[in-house]
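*Asks:* Protein chains in written order, with the working numbering: chain A, 44 to 696; chain B, 2 to 122.
Please note that the accuracy of each hint is not assured.
Derived lysine-lysine pairs resembling BS3-like cross-links, with alpha carbons at most 27 Å apart [unchecked claim]:
1. K75(B) x K483(A)
2. K111(B) x K669(A)
3. K420(A) x K490(A)
4. K43(B) x K490(A)
5. K122(B) x K669(A)
6. K75(B) x K490(A)
7. K112(B) x K480(A)
8. K321(A) x K464(A)
9. K43(B) x K483(A)
Quick caveat, the hints were computed from the structure, so don't treat them as lab data.
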Amino acid sequence: MAKKDRDALAIPERRKFFGAVAAGAVGAVAISTPDIARAQEGQKPAKKPAAAPPNAATAEHEAGTPPQEKEPVTVGKAGSDYMVDCFKSMNIDYVALMPGSSFRALHESVINYGENKKPELIACLHEEIAVSMAHGYAKVAGKPMLNFVHSVVGLQHASMSIYNAWADRVPLFICVGNGLDAMQRAPNVEWAHSAQDNAAIVRDFSKWDDQPISLGHFTESAARAYTLATTPPFGPTLLVVDEGLGEEPVGDKPPPIAPVNRTSPPGADPNAIDAFAKMLVGAKNPVLIAGRLVRTEKGMQTLVELAETLGCAVVDQGTRMNFPSMHPLNMTWNARRLIPEADVVLGLEVVDLYGAVHGFADRIERRYTPRLKPGTKLISIDSLPLLIRPNFQDFQRYQPVDMEIVADGETALPQLLEAVKKAMPKGSANVSARADKIKKEVAQTNKRNLAAAANGWDASPISTARFCAEIWGQIKGDDKWGLVTPHQLQSHWQIKLWNMTKPWHHIGDNGGYGVGYQPGAAMGAAIAHRDAGRFAIAIFGDGDLMCNPGALWTAAHHKLPILMIVHNNRAYHQEVMHIQRMADRHARGIDRAHIGTEIANPNIDFAKLAQSMGVWAEGPISDPSKLGPALSRALAQVRKGEPALLDVVSQPR
Amino acid sequence: MPRATISKFLLAAIIPAAAATLAMSAPAQAADADHGKTLFMKDGCFECHGTVGQGGAAGPALAPKTPTAEGIAKYIRNPRGAMPPYVQSVVSDADIADIQAYLSSVPKPKKPEDIPLLSGK
Numbered sequence: 044m045a046k047k048d049r050d051a052l053a054i055p056e057r058r059k060f061f062g063a064v065a066a067g068a069v070g071a072v073a074i075s076t077p078d079i080a081r082a083q084e085g086q087k088p089a090k091k092p093a094a095a096p097p098n099a100a101t102a103e104h105e106a107g108t109p110p111q112e113k114e115p116v117t118v119g120k121a122g123s124d125y126m127v128d129c130f131k132s133m134n135i136d137y138v139a140l141m142p143g144s145s146f147r148a149l150h151e152s153v154i155n156y157g158e159n160k161k162p163e164l165i166a167c168l169h170e171e172i173a174v175s176m177a178h179g180y181a182k183v184a185g186k187p188m189l190n191f192v193h194s195v196v197g198l199q200h201a202s203m204s205i206y207n208a209w210a211d212r213v214p215l216f217i218c219v220g221n222g223l224d225a226m227q228r229a230p231n232v233e234w235a236h237s238a239q240d241n242a243a244i245v246r247d248f249s250k251w252d253d254q255p256i257s258l259g260h261f262t263e264s265a266a267r268a269y270t271l272a273t274t275p276p277f278g279p280t281l282l283v284v285d286e287g288l289g290e291e292p293v294g295d296k297p298p299p300i301a302p303v304n305r306t307s308p309p310g311a312d313p314n315a316i317d318a319f320a321k322m323l324v325g326a327k328n329p330v331l332i333a334g335r336l337v338r339t340e341k342g343m344q345t346l347v348e349l350a351e352t353l354g355c356a357v358v359d360q361g362t363r364m365n366f367p368s369m370h371p372l373n374m375t376w377n378a379r380r381l382i383p384e385a386d387v388v389l390g391l392e393v394v395d396l397y398g399a400v401h402g403f404a405d406r407i408e409r410r411y412t413p414r415l416k417p418g419t420k421l422i423s424i425d426s427l428p429l430l431i432r433p434n435f436q437d438f439q440r441y442q443p444v445d446m447e448i449v450a451d452g453e454t455a456l457p458q459l460l461e462a463v464k465k466a467m468p469k470g471s472a473n474v475s476a477r478a479d480k481i482k483k484e485v486a487q488t489n490k491r492n493l494a495a496a497a498n499g500w501d502a503s504p505i506s507t508a509r510f511c512a513e514i515w516g517q518i519k520g521d522d523k524w525g526l527v528t529p530h531q532l533q534s535h536w537q538i539k540l541w542n543m544t545k546p547w548h549h550i551g552d553n554g555g556y557g558v559g560y561q562p563g564a565a566m567g568a569a570i571a572h573r574d575a576g577r578f579a580i581a582i583f584g585d586g587d588l589m590c591n592p593g594a595l596w597t598a599a600h601h602k603l604p605i606l607m608i609v610h611n612n613r614a615y616h617q618e619v620m621h622i623q624r625m626a627d628r629h630a631r632g633i634d635r636a637h638i639g640t641e642i643a644n645p646n647i648d649f650a651k652l653a654q655s656m657g658v659w660a661e662g663p664i665s666d667p668s669k670l671g672p673a674l675s676r677a678l679a680q681v682r683k684g685e686p687a688l689l690d691v692v693s694q695p696r
Numbered sequence: 002m003p004r005a006t007i008s009k010f011l012l013a014a015i016i017p018a019a020a021a022t023l024a025m026s027a028p029a030q031a032a033d034a035d036h037g038k039t040l041f042m043k044d045g046c047f048e049c050h051g052t053v054g055q056g057g058a059a060g061p062a063l064a065p066k067t068p069t070a071e072g073i074a075k076y077i078r079n080p081r082g083a084m085p086p087y088v089q090s091v092v093s094d095a096d097i098a099d100i101q102a103y104l105s106s107v108p109k110p111k112k113p114e115d116i117p118l119l120s121g122k
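Model the full assembly from the supplied sequences, consistent with the hints where possible.
*Replies:* The following block contains the structure:
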């Protein structure tokens, strides 16, 4: 720490600086309270019982009498204003937050000094919601939203959402308040809400953090944090912002604002790309598995062109919207048959490559079964080795590969496509024959999917296939929508029945599988969709929604165009199945499997819950024939720019 | 989910389906489809296979192509993959016969081409 900075943190000097700058505004500088005088003399301030009667000075103050000793009472441009200037230079559109005293100056500067524009404040009722909003927003908007998070307890609230974003490799830029200077803390709460190292709470699952102690330090670290967060592989970054730094005046010569570095994502080694191209072109049955790969339309187009050039099957794992759902080479639903027949398998940003090429059985002795036949070449392009931490195990089981290119997958795709085109013999009969065979199989699979969707069509509780088909029936003529929740818990019917052709048509899953992600992420994604002239569609699990129902209020407060369906199976259904499995394994029957897993007795009325927060809502709907008309009414609200929710009493999966 | 809740929440909604038990095959008629329906819920079969055996990502469809009672018994006593085991003391062979009767009683679904939302019409 530089001497100048150390001096700035010492109370007497800090107070002098504060007063000197304020003097111009109020014409009075002198500071000499008894406690400050004690501090200047190296003594502890006198203890003041929390419940003691007011002293003469306090009594005068409370009675409206001006203080006897002249203190500065206003400040001109504050450090927090300067920080807002830094954020504006980054072209950040929003800051999502739950209010907290440790960043009160920043909050005030955003709404007044910054005129609540770029960034505009998004009000949230929980830090977990605020950070999940940033997660969902970044996946649709392609850039970070800012978060302000209260010191210590707010960051602990936010930590699960930060973990999800980390595991999903999504850029977050979070400013966490803190009270660095112990001599400046108010008694009691501010001590409990201050930390020597706030960022340590989440350092195991964030990309970088810093705790700047001057404005010059702040602007450089803010630029570095933004640059690192938005350079693939993406990740959360944090700045721990001292309250004093934000509340003190800027001074006459604020440091120049450091610009964000625009970085180029890491590409692939051309020689390795050529080797991959030769393997793919020479293969009899190549298969592409796409994981956390595509983030742009160009990326999706390139993957389509690569698959069509090779005439090969693509398995889209659903972690991103990589490949058009109805493309004739989309063999996602045939992966179990496909993988064992492949002779070259290319993983593209596949996080769990081991799981992709092994079967797994949850038995007393858990076991994996290899799916690759002997001799199959397994190759991978991924950026995981560039950003990995040892503690939390989201990096999945180690999978040996024949060759791995460490690079950003989407950046490497055009390189691979060009290399494949060069290596591909013209008019290859093998390619077109292979593609024709795949197309026939895909057509049969789609037909089977439709027949499966028809099974249980009129059942009540309503089948997940039915409500997904009902939604599709109302949006299929409109391209301007995006699914902003995962699809695994609805038996993937969204992907099986909806013709998704753009990366924004689906947000992918949540990375860390932390329950409670969906409401916040959906609202954040809805903001990005709204700004792009689209609306959002969310299908919430009832359990997930109940972790963070306060997000509904944010949707109403900020008028977000989002259609929300509650997949209300009245249980933490995944956990029901786990308890059922244990009870069956112990030969005890499952009569009690509902204890601790059901969300019934009483049933939650989600429509009333939403209405209580100002959201248009209907339900519970358990008659499938009534769902279509209700969806029409809900979508009319959404197309007007308002949120709407339907509580659909549904089958478990 | 407790039995009482299942009765209210799920079973009541499936009564129309149960009415079709009259159309059961001769061996299934010996079993009790209504009881089978209760067991299908109580024993948690619906959690993965759906309340009318329609299937989903967690478990395959069991209707309208319903395995024989013997086939079901053979499988659930010593299942493979994700299926949990059901021993005789939890689901007896008689229970299985009733469950099979219930699944056999579920009306055949419409063809997708007869459902406008699935036919694309």
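*Asks:* All hints, please: hold or fail.
*Replies:* Now the hints, each set against the structure:
1. K75(B) x K483(A): Violated, because 35 Å separates the two Cα atoms, which is more than 27 Å.
2. K111(B) x K669(A): It holds: about 19 Å lies between the C-alpha atoms, which stays within 27 Å.
3. K420(A) x K490(A): Between K420(A) and K490(A) the Cα gap is close to 32 Å, so the pair fails against 27 Å, i.e. violated.
4. K43(B) x K490(A): Judged against 27 Å, a Cα distance of about 33 Å means the pair is violated.
5. K122(B) x K669(A): holds, 20 Å
6. K75(B) x K490(A): violated, 31 Å
7. K112(B) x K480(A): holds, 26 Å
8. K321(A) x K464(A): Within the cut-off at roughly 10 Å; holds.
9. K43(B) x K483(A): The given pair, whose Cα atoms are some 41 Å apart, is violated under the 27 Å limit.
In this structure, the earlier hints numbered 1, 3, 4, 6, 9 are contradicted, and the remaining ones agree with it.
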